[in-house]
Amino acid sequence: MTLVENLLGGDRRALARLISQIEDDAASAGDALAALFSRTGRAHRVGITGAPGTGKSTLVSQITRELRQRGKTVGIVAVDPSSPFSGGALLGDRVRMRDLSGDPGVFIRSMASRGNMGGLARATARVMRVLDAAGFDVVLVETVGVGQLEMDIARHAQTILVVEAPGLGDEVQAIKAGLLETADVLVVNKSDDPRAESTLAMLRAVLGLNRQVHSDRPELHHGGLFEAVLPERPEAGGWEVPICATSALTGEGVPELVSAMEAHYAYLRSSGELERRERISAAAELESLLRDTLLARLLEKIDAARLSELVERVVRREIMPQTAVERLLDSL
Amino acid sequence: MTERKIRVLIAKPGLDGHDRGAKVIARALRDAGMEVIYTGLRQTPEMIAEAALQEDVDVVGLSILSGAHMALAPRVLELLRDSGMGNVPVVLGGIIPPEDVPRLKEAGISAVFGPGVSMAEIVKTIRGLAVTGEQS
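Chains as they are written, first to last, in our numbering: chain D, 1 to 332; chain R, 1001 to 1136.
Be a bit skeptical, because a hint or two may be false.
What the hints assert, rightly or not - Computed cross-link-like contacts, EDC-like style, restricted to lysine to aspartate or glutamate with a CA-CA straight-line distance of at most 20 Å: (1) D:Lys72 x D:Asp11; (2) R:Lys1105 x R:Glu1121; (3) R:Lys1005 x D:Asp25; (4) D:Lys72 x D:Asp99; (5) R:Lys1005 x D:Asp99; (6) R:Lys1005 x R:Asp1031.
No lab work stands behind these hints, which were simulated from the structure alone.
So here's chain D without its partners, still in its complex pose (with noise of 0.2 Å):
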């Protein structure tokens, strides 16, 4: 428990441990992690998201010295893909973030993706509490460059920064389901280009019609199992997704970009609607916990010799895969 005692301490050599035995899946970290739990939830968790090369990780960088000037301290998880041939990676935000070097009110955490498919590591939202207990103002996780399917963020953070840089695509490619859908905050970054100025413009556009309609924003899909936790959604209407344009190379709108983020979180906080993200994402949390024991308990259970048996007789067309797991389930 001396690690806990520690990090709570301020012990950054403390903090980075635990991050890798929560990484690791070591069983001391779910020890720790238990202890901290009631001191999460302090933390403002903001996620950026975007595709590749939009600027994600200088962005991250140029939004943490605007925050460290309002004197919030930033705790940073970064992640990128692990390759599925090797199991390797190669974490490379930091290039990017040799500005923020040398503050002790900022920690950054490269991770690697390790083989999770949503955009995040299977750790990181573990990872954001025990930068919330270990006292960091504001909590920033940079998603794996996303395309349009990847969103687990939208479960683990409460104010959701999707980022935009110009020469992309067509206004098709953003009515089509997905990013857009999850912006708490729409950024254009590279507002130097002057392609910059086209790709607001159909961005205002778009976010018009979607207010057209739904004049209620859909929910964030979940699964459904646990639909009838959720409560009724508020009054709709409350927060109107703002477009900020960005040059995180000059740094130009960041502190607007900074002061929308900081609108949202106190939307949040006024109008209830944190609490019911907290509801959904607490939902989610469990469900997909659940689904992950489940599975393992089962995979325990089911004898390997019957199952590669069925999927012989899957592959000689002999029965279904939806009959074959049938099977394995009514002999259990």
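With chain D fixed as given, assemble chain R onto it according to the hints.
Just chain R now, with coordinates in the frame of chain D:
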């Protein structure tokens, strides 16, 4: 239970701007299944020690081509010791005159890789150091 991943920091202290070697090494370690934190050019020893601590790495790799290794490498070791990471092995790659190697090892550098050392050799040495570090 997930397997324990080896985490390595690859850093370029000092002022020379050639990071091709560092990138090739980083890529090779990645292909060997390790998690490589790459910090980019022109890092001060303070930045390197701070990154090593925050990232909780098993091994630190320094790439120095500027000739300033006798000043930079011992300084990184000293800062690591100061932050309670004296047990983390530090390896050095680059253009290092043979006569400097014994003094670097004496200062606490675990291995020195000059030009011509095979990638397989570097990967094997770093993996070996990561495992020993874990037991200490």
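Measure nothing beyond the straight line between the CA atoms of D:Lys72 and D:Asp99; if it is 20 Å or shorter, mark the hint as holding. 16 Å, holds
Holds or violated: are the alpha carbons of D:Lys72 and D:Asp11 at most 20 Å from each other? 18 Å, holds
For the pair we were handed, R:Lys1005 and D:Asp25, check the Cα-Cα distance against 20 Å. 11 Å, holds
Sort out whether D:Asp99 lies within 20 Å of R:Lys1005, counting only the CA atoms. Between R:Lys1005 and D:Asp99 the Cα gap is close to 28 Å, so the pair fails against 20 Å, i.e. violated.
Between R:Lys1105 and R:Glu1121, does the CA-CA distance stay at or below 20 Å? 18 Å, holds
Taken at face value, is the distance from the CA of R:Asp1031 to the CA of R:Lys1005 at most 20 Å? With a Cα-Cα distance of about 13 Å, the restraint between R:Lys1005 and R:Asp1031 holds, given a limit of 20 Å.
In this structure, the one hint that does not hold is number 5.
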